[in-house]
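Let the hints inform the model, and build the full structure from the sequences given.
As you go down the protein sequences, you meet chains S and B in turn.
Our numbering puts the first sequence at residues 413 to 738.
Our numbering puts the second sequence at residues 413 to 738.
Derived by calculation from the structure, the hints in this document are not laboratory data.
Be aware that one or more of the hints could be misleading.
The list makes no distinction among identical chains, and a pair is therefore deemed to hold if it is satisfied within one copy or across any two copies.
[As the list claims (entries may be wrong)] Derived SDA-like pairs: lysine to any residue, alpha-carbon spacing no greater than 25 Å straight-line:
{"hint": "1", "residue 1": "Lys695", "residue 2": "Arg595"}
{"hint": "2", "residue 1": "Lys695", "residue 2": "Thr537"}
{"hint": "3", "residue 1": "Lys632", "residue 2": "Ala560"}
{"hint": "4", "residue 1": "Lys632", "residue 2": "Glu523"}
{"hint": "5", "residue 1": "Lys695", "residue 2": "Ser512"}
{"hint": "6", "residue 1": "Lys695", "residue 2": "Glu725"}
{"hint": "7", "residue 1": "Lys632", "residue 2": "Arg539"}
{"hint": "8", "residue 1": "Lys632", "residue 2": "Gly665"}
{"hint": "9", "residue 1": "Lys632", "residue 2": "Thr537"}
{"hint": "10", "residue 1": "Lys695", "residue 2": "Leu613"}
{"hint": "11", "residue 1": "Lys632", "residue 2": "Asn538"}
{"hint": "12", "residue 1": "Lys632", "residue 2": "Leu511"}
{"hint": "13", "residue 1": "Lys695", "residue 2": "Pro664"}
{"hint": "14", "residue 1": "Lys695", "residue 2": "Leu522"}
{"hint": "15", "residue 1": "Lys632", "residue 2": "Glu507"}
There are 2 protein chains.
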Amino acid sequence: MTGFTEDEVVTAIRRLLTAESPGVTLGVGDDAALVEFGEHVGVLTTDMLVEGVHFDRSVQSARDLGWKALTVNVSDVAAMGGSPRFGLVSLGLPEDTELSWVVELYGGLLEAAGEYGLALVGGDTNRSERVIVSVTVTGETATPVTRAGARPGDAIVVTGSLGAAAGGLVLSREVPARGAAGRHELLQALARPVARVGEGLTLAQAGATAMIDVSDGLAKDVGRLSDESSVCAAIRLSDIPVDEALRDAALPGDPLDLALHGGEDYELVATLPGPAVEDAAGKMWDRFGTRLTEIGEVREGRGLVAVGPDGSERPMEVRGWDHFGG
Amino acid sequence: MTGFTEDEVVTAIRRLLTAESPGVTLGVGDDAALVEFGEHVGVLTTDMLVEGVHFDRSVQSARDLGWKALTVNVSDVAAMGGSPRFGLVSLGLPEDTELSWVVELYGGLLEAAGEYGLALVGGDTNRSERVIVSVTVTGETATPVTRAGARPGDAIVVTGSLGAAAGGLVLSREVPARGAAGRHELLQALARPVARVGEGLTLAQAGATAMIDVSDGLAKDVGRLSDESSVCAAIRLSDIPVDEALRDAALPGDPLDLALHGGEDYELVATLPGPAVEDAAGKMWDRFGTRLTEIGEVREGRGLVAVGPDGSERPMEVRGWDHFGG
Numbered sequence: 413m414t415g416f417t418e419d420e421v422v423t424a425i426r427r428l429l430t431a432e433s434p435g436v437t438l439g440v441g442d443d444a445a446l447v448e449f450g451e452h453v454g455v456l457t458t459d460m461l462v463e464g465v466h467f468d469r470s471v472q473s474a475r476d477l478g479w480k481a482l483t484v485n486v487s488d489v490a491a492m493g494g495s496p497r498f499g500l501v502s503l504g505l506p507e508d509t510e511l512s513w514v515v516e517l518y519g520g521l522l523e524a525a526g527e528y529g530l531a532l533v534g535g536d537t538n539r540s541e542r543v544i545v546s547v548t549v550t551g552e553t554a555t556p557v558t559r560a561g562a563r564p565g566d567a568i569v570v571t572g573s574l575g576a577a578a579g580g581l582v583l584s585r586e587v588p589a590r591g592a593a594g595r596h597e598l599l600q601a602l603a604r605p606v607a608r609v610g611e612g613l614t615l616a617q618a619g620a621t622a623m624i625d626v627s628d629g630l631a632k633d634v635g636r637l638s639d640e641s642s643v644c645a646a647i648r649l650s651d652i653p654v655d656e657a658l659r660d661a662a663l664p665g666d667p668l669d670l671a672l673h674g675g676e677d678y679e680l681v682a683t684l685p686g687p688a689v690e691d692a693a694g695k696m697w698d699r700f701g702t703r704l705t706e707i708g709e710v711r712e713g714r715g716l717v718a719v720g721p722d723g724s725e726r727p728m729e730v731r732g733w734d735h736f737g738g
Numbered sequence: 413m414t415g416f417t418e419d420e421v422v423t424a425i426r427r428l429l430t431a432e433s434p435g436v437t438l439g440v441g442d443d444a445a446l447v448e449f450g451e452h453v454g455v456l457t458t459d460m461l462v463e464g465v466h467f468d469r470s471v472q473s474a475r476d477l478g479w480k481a482l483t484v485n486v487s488d489v490a491a492m493g494g495s496p497r498f499g500l501v502s503l504g505l506p507e508d509t510e511l512s513w514v515v516e517l518y519g520g521l522l523e524a525a526g527e528y529g530l531a532l533v534g535g536d537t538n539r540s541e542r543v544i545v546s547v548t549v550t551g552e553t554a555t556p557v558t559r560a561g562a563r564p565g566d567a568i569v570v571t572g573s574l575g576a577a578a579g580g581l582v583l584s585r586e587v588p589a590r591g592a593a594g595r596h597e598l599l600q601a602l603a604r605p606v607a608r609v610g611e612g613l614t615l616a617q618a619g620a621t622a623m624i625d626v627s628d629g630l631a632k633d634v635g636r637l638s639d640e641s642s643v644c645a646a647i648r649l650s651d652i653p654v655d656e657a658l659r660d661a662a663l664p665g666d667p668l669d670l671a672l673h674g675g676e677d678y679e680l681v682a683t684l685p686g687p688a689v690e691d692a693a694g695k696m697w698d699r700f701g702t703r704l705t706e707i708g709e710v711r712e713g714r715g716l717v718a719v720g721p722d723g724s725e726r727p728m729e730v731r732g733w734d735h736f737g738g
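Take a look at the structure:
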């Protein structure tokens, strides 16, 4: 690597990670990290972000990238009803990478780690042609929730609102940029998604039978949940919580479309017995100020059904949505 | 990706990973894996292999690459005195990758997982320009050993023999290949290194005060250990267990040089109180047929000292060794 030696970047990262963290016996700098495991079920997840596929270094700041790389992993832990504990980061860095860029990246990683109360306990840097950010997060839970437990009769609920990140992506591609209302909110939703950790725990404790995070779009991810549970998911289109900033922005296209197929929202979709919804929604609002919206129901059968405002039903289209062009 | 869709590769990988594993509540296919944590200290490590930097796809088989990618992580766990439990794998795959290549890669990963008694519990595939294999391994230990505990008076010991992998690399670059004696052993040492898990545990239980695996060369890695322990390491050159196949191969250059600076051996170097060496060596031989060789001593001070056959001493050179050219 030009600009800095590997030792320099290791030392810089290590310096950033020296803060003592509860439960970390030994962090960065040895062959491996030593951590205390609790009595709960461990949750392990890993996700890799690749330059040119998942992000564009010329557009996205290193700090936002670091935040997002950790958040997407934490979101996976949250979707199990888990709480994140420890994170490990492997980087691939091109020769033209500046050390300041790497420090900013870790700044974002550490900012997210602080937000989610997890400790980064391992780091590894390598040379590569494009930037690679590979993150692993371990967590634990006393109430694990998989994708596979949805039962006919369960309600389908979703946290927060949908479509803002997709709106941000549409906005970020507009040249010249329009002065759309809610511009900042939408771009922020894309750059700085938030993992719903407390909300996931609340849903798990409320008796969620299945749960998944919305990374690839509501339709696609609910489809995965219903597939894994061998059930049919019926979604009432008029109940989808389309993001308000997205509605106000009046972007080209239908906001509902972005909410259904846009992805990158990192909201949680869960199924739970109908009688439990009101209590879960109340607790979620009281604890986190996060809305919980009932958007449909689980039925016998397979597949996805879209229920229109007039009660008419049709199979729901699951569209791949091109997040990053190319 | 051409050749196969992402769903196809996910399905293929999942099919390979469906075997039930002890301690795995939920493996591949959900947002995250669920595992049982023991009462021991958890060990977490991650390592990324990048095509063109760590390996050459035109030379190295996918199966060997998979084996090695897991082994290097397990070796880090072994160097803590730990036993591996769970592994996660993130892949970056170029568009020209064949599904059969990915299946072979996982074949090697699973072969290694079987060898080391760990469960692969997570997988993630992405598109990238060059192949990226990013592995995380979690383990546990009742007797953690770091790099930082070496004390003046301790003996320095190393498992097995050194230099064979470097010899294999020299051989693999020779065009035309010579019919060197021990050719197969040397190439195998490079392609199929073995992590010293049982040996690491034996050393930890014998009271090892510090330990590290030899990934970048004996001199460099002992230097790291002595730096972390704030001690001086004195290495007796005539006691270095230079690999016999390397000696027999009569490659250009000094075999001792490859043993000192070659790297990729994944043997363990440990420090332990002198009286404990004989017992540890006996147990290691009885349990695993692995030699344990005393190669030096820990002293007050800092740095590395090379002790010659005649007892003369000089600072030991720490050479970066160019593992993969370019």
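A quick look at each hint next to the structure:
1. For the homomeric pair Lys695 and Arg595, neither the shortest alpha-carbon distance inside one copy (31 Å) nor that between copies (68 Å) is at most 25 Å.
2. In this assembly of identical chains, the alpha carbons of Lys695 and Thr537 never lie at most 25 Å apart, being 42 Å within a copy and 37 Å across copies at closest.
3. In the homo-oligomer, the alpha carbons of Lys632 and Ala560 lie at most 25 Å apart inside one protomer (15 Å), although the nearest pairing across protomers, at 49 Å, exceeds that limit.
4. In this assembly of identical chains, the alpha carbons of Lys632 and Glu523 never lie at most 25 Å apart, being 30 Å within a copy and 34 Å across copies at closest.
5. For the homomeric pair Lys695 and Ser512, neither the shortest alpha-carbon distance inside one copy (42 Å) nor that between copies (49 Å) is at most 25 Å.
6. Taking the shortest alpha-carbon separations for Lys695 and Glu725, neither the intra-copy value of 32 Å nor the inter-copy value of 71 Å comes in at or below 25 Å.
7. In this assembly of identical chains, the alpha carbons of Lys632 and Arg539 lie at most 25 Å apart only when taken from different copies (20 Å versus 35 Å within one copy).
8. Taking CA atoms no more than 25 Å apart as the test, Lys632 paired with Gly665 passes inside one copy only; the shortest distance there is 19 Å, against 59 Å between copies.
9. In this homomeric assembly, Lys632 and Thr537 come within 25 Å of each other (Cα to Cα) only across copies, at 18 Å, whereas the closest approach inside a single copy is 34 Å.
10. Taking identical chains as interchangeable, the C-alpha atoms of Lys695 and Leu613 lie at most 25 Å apart only when both belong to the same chain, with a minimum of 11 Å there against 48 Å between chains.
11. With identical chains, the CA atoms of Lys632 and Asn538 are at most 25 Å apart between copies only, with a shortest distance of 18 Å across copies and 34 Å within one.
12. Taking CA atoms no more than 25 Å apart as the test, Lys632 paired with Leu511 passes between copies only; the shortest distance there is 24 Å, against 38 Å inside one copy.
13. With identical chains, the CA atoms of Lys695 and Pro664 are never at most 25 Å apart, being 36 Å at best within one copy and 73 Å at best between copies.
14. In this homomeric assembly, Lys695 and Leu522 never come within 25 Å of each other (Cα to Cα): the closest approach is 29 Å inside a single copy and 44 Å across copies.
15. Taking identical chains as interchangeable, the C-alpha atoms of Lys632 and Glu507 lie at most 25 Å apart only when they sit on different chains, with a minimum of 23 Å there against 37 Å within one chain.
Violated hints, listed in ascending order, are 1, 2, 4, 5, 6, 13, 14; each of the other numbered hints is respected by the structure.
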